[in-house]
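Residue numbers (the working numbering), protein chains in the order written: chain R, 1 to 119; chain G, 1001 to 1119; chain S, 2001 to 2119; chain C, 3001 to 3119.
Since the hints were made in silico from the structure, they are not lab data.
A virtual CB, placed ideally from N, CA and C, is assigned to each residue, including glycine.
Don't take every hint at face value.
Said to hold, decoys possible - Take a look, some chain C residues computed to stay more than 10 Å from chain R by CB distance: (1) 3001; (2) 3011; (3) 3063; (4) 3115.
Claimed, not checked - Residues from chain S that face chain G, not an exhaustive set, calculated with beta carbons under 10 Å: (5) 2043; (6) 2053; (7) 2057; (8) 2119.
Number of protein chains: 4
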Amino acid sequence: MNQYQEKIKKFSEERNWNQFHNPKDLLLGIVEEVGEFRNIVKWEQDPKVIRKIMLENIEEVKDNIGDIFWFLSLLAGSCGIDIDEAAKEVIGQNEKRFPIEKTKNKHTNTKLGGHDGKY
Amino acid sequence: MNQYQEKIKKFSEERNWNQFHNPKDLLLGIVEEVGEFRNIVKWEQDPKVIRKIMLENIEEVKDNIGDIFWFLSLLAGSCGIDIDEAAKEVIGQNEKRFPIEKTKNKHTNTKLGGHDGKY
Amino acid sequence: MNQYQEKIKKFSEERNWNQFHNPKDLLLGIVEEVGEFRNIVKWEQDPKVIRKIMLENIEEVKDNIGDIFWFLSLLAGSCGIDIDEAAKEVIGQNEKRFPIEKTKNKHTNTKLGGHDGKY
Amino acid sequence: MNQYQEKIKKFSEERNWNQFHNPKDLLLGIVEEVGEFRNIVKWEQDPKVIRKIMLENIEEVKDNIGDIFWFLSLLAGSCGIDIDEAAKEVIGQNEKRFPIEKTKNKHTNTKLGGHDGKY
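Just chain R, with the same shape it has in the complex (with noise of 0.2 Å):
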C-alpha cells in the first residue's frame, strides 16, 4: 500500500476515528478542501495571475492538496484499495484511451468537439 495512505490509515485507527469516517463524510471532506482552495484563485480570469497567486499561496495550495490526499486515502482504505493500484490503473486506462497523435492540443469537451467526453 502507498505508505502515506498506510500511515493516514493507521492514524485513524489508533485513534479509533473509522467510526465517523462514513463514505459520504469523506467526499464531503474532499467537496470542503476544493472550496476553500477556491479562495485562493477566484474571480480572476487571468491563467497567468492565476498562476502566480498559486505559488504566492504555495504553503496554503500544498495544505489542501495534502487534504484531499487524506480524505482520499481514507476513502480507498474504507473498501481496502490502494491509492497506487488506482493511480496506475488510470494512467493504463487513459493512454489506451487518448493516444497522442490523435488528441494533441485537442480537449475532450464534446459540445466543443472534443472525442470522449469521460475525461
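With chain R's structure known, arrange chains G, S and C on it following the hints.
Relative to chain R, chains G, S and C alone:
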C-alpha cells in the same frame, strides 16, 4: 516526485494539455468524480450496507479514486508541488494537532463538542 | 423572473461584477458553500442528532442556503434562465418520472435495486 | 414558503422519501449536479466561448439549475427554512457588506487585494 504524479505530468505534456488544465477546471474535475461516487452510496443510511455496495462495485470505486488522484496530481504539479511531500506534511501536522490520548473516540465537529474543527 | 434572482442580478450589475462571474467561479462558489455546510453535520451518523444540530445552528444553515441560492441565481441569470422556470420544469419531469404508486418508499440507487438512477 | 419549494416538499412527502433525504445526501446531490454542469464548460478558457456553449446547451443547463434548486429546497425544508427568506436575508447582508461606491469593479479575492473574502 511521486512516480504516478510524474507519469500523469508526462501524459499531459505529451498531449500539450496543460493549456486546458486551469486549476479551476481541475477542481471541478475533482467535484465531478465526487458526484459520480455519490451514485454508488446515495440514499442508503446504514453504514454496513454502504460498505457492502462499495465492495460490490469495487472496480467503479477504484476508477473514481484513481480519477480524483489524477486531477489532484495535475493540480499539485501545476505549481510544482510533490503530492508525497504534501501528504507527509499534513500527516505531521495532524499527528501534532490530534494527540491520541486527547482525541481517541472523539470527533472534530465543534458543533457537537468536538475539539479543533479543522478536520 | 424570480424576484430574488432579479435583485441579485441588479446587485451584480450595479457593482459591475459580471466580469468576475465566470460560470466556473460560480460553480466553485456553490461547492464552497456545500463544504461549509458540511462543518455543521460532519462525522455525526445519527440522523436525529444531525437534524438537531441543524436546528441549533439554524442561522448558519440559513446563510449557507441563501448563499447557494445566490450563486445559483447568478449562474442561471448568466444565460437568461429564470430560476422559477427551471424549478417548474424539473418538478414536471420528476412527477412523470417517479409515479407515486411505483416509487413510494423506494429510493433511486440502482446499485441497491432502485429504479432510474437519475435522481 | 416559496411555491416551488412547497411542491418539491409535497413530492417528497407523497413518496415518503424524507427517509432518504439525509442532509449529507442532499449536499452530495448538489455536488453531482455541479459536476455534471462542468461537462458543459470544461477545459474552455475563453469566457465568450463558455457563454456560447451554455446558450447552445440551454436545456441541459436549465435542467442542472433546476436540479440544484430541487436539492437545495429539500435541504432548506428539512429544517423548516423558506428558501425565499434565506435569499432575502443574504441579499440584505450583501448590500450592507458591499456598498457600491467601495466595491464597484473590485472583486473579493483577498489574495489579490480584494476586500472581505466572504463572497
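Status of each hint after checking the structure:
Consistency note on residue 3001 of chain C: stated as away from chain R, and its beta-carbon is indeed over 10 Å from all of that chain's, at 27 Å minimum. Every CB of chain R is more than 10 Å from the CB of residue 3011 of chain C (nearest about 23 Å), matching its label as outside the interface. Under the 10 Å C-beta cut-off, the non-interface status given to residue 3063 of chain C relative to chain R holds; the minimum distance is some 14 Å. Residue-level check passed: residue 3115 of chain C sits 12 Å from the nearest beta carbon of chain R, beyond 10 Å.
Taking 10 Å as the C-beta contact cut-off toward chain G, the hint placing residue 2043 of chain S at the interface holds, the least distance being around 4 Å. With 10 Å as the threshold, the beta carbon of residue 2053 of chain S comes within range of chain G, its nearest partner Cβ sitting at about 5 Å, so the hint holds. Given hint, residue 2057 of chain S at the interface with chain G, holds; its Cβ is 6 Å from that chain's nearest Cβ, closer than 10 Å. Annotation: interface hint on residue 2119 of chain S holds; nearest CB of chain G at approximately 9 Å, less than 10 Å.
No hint from the list above goes unmet by this structure.
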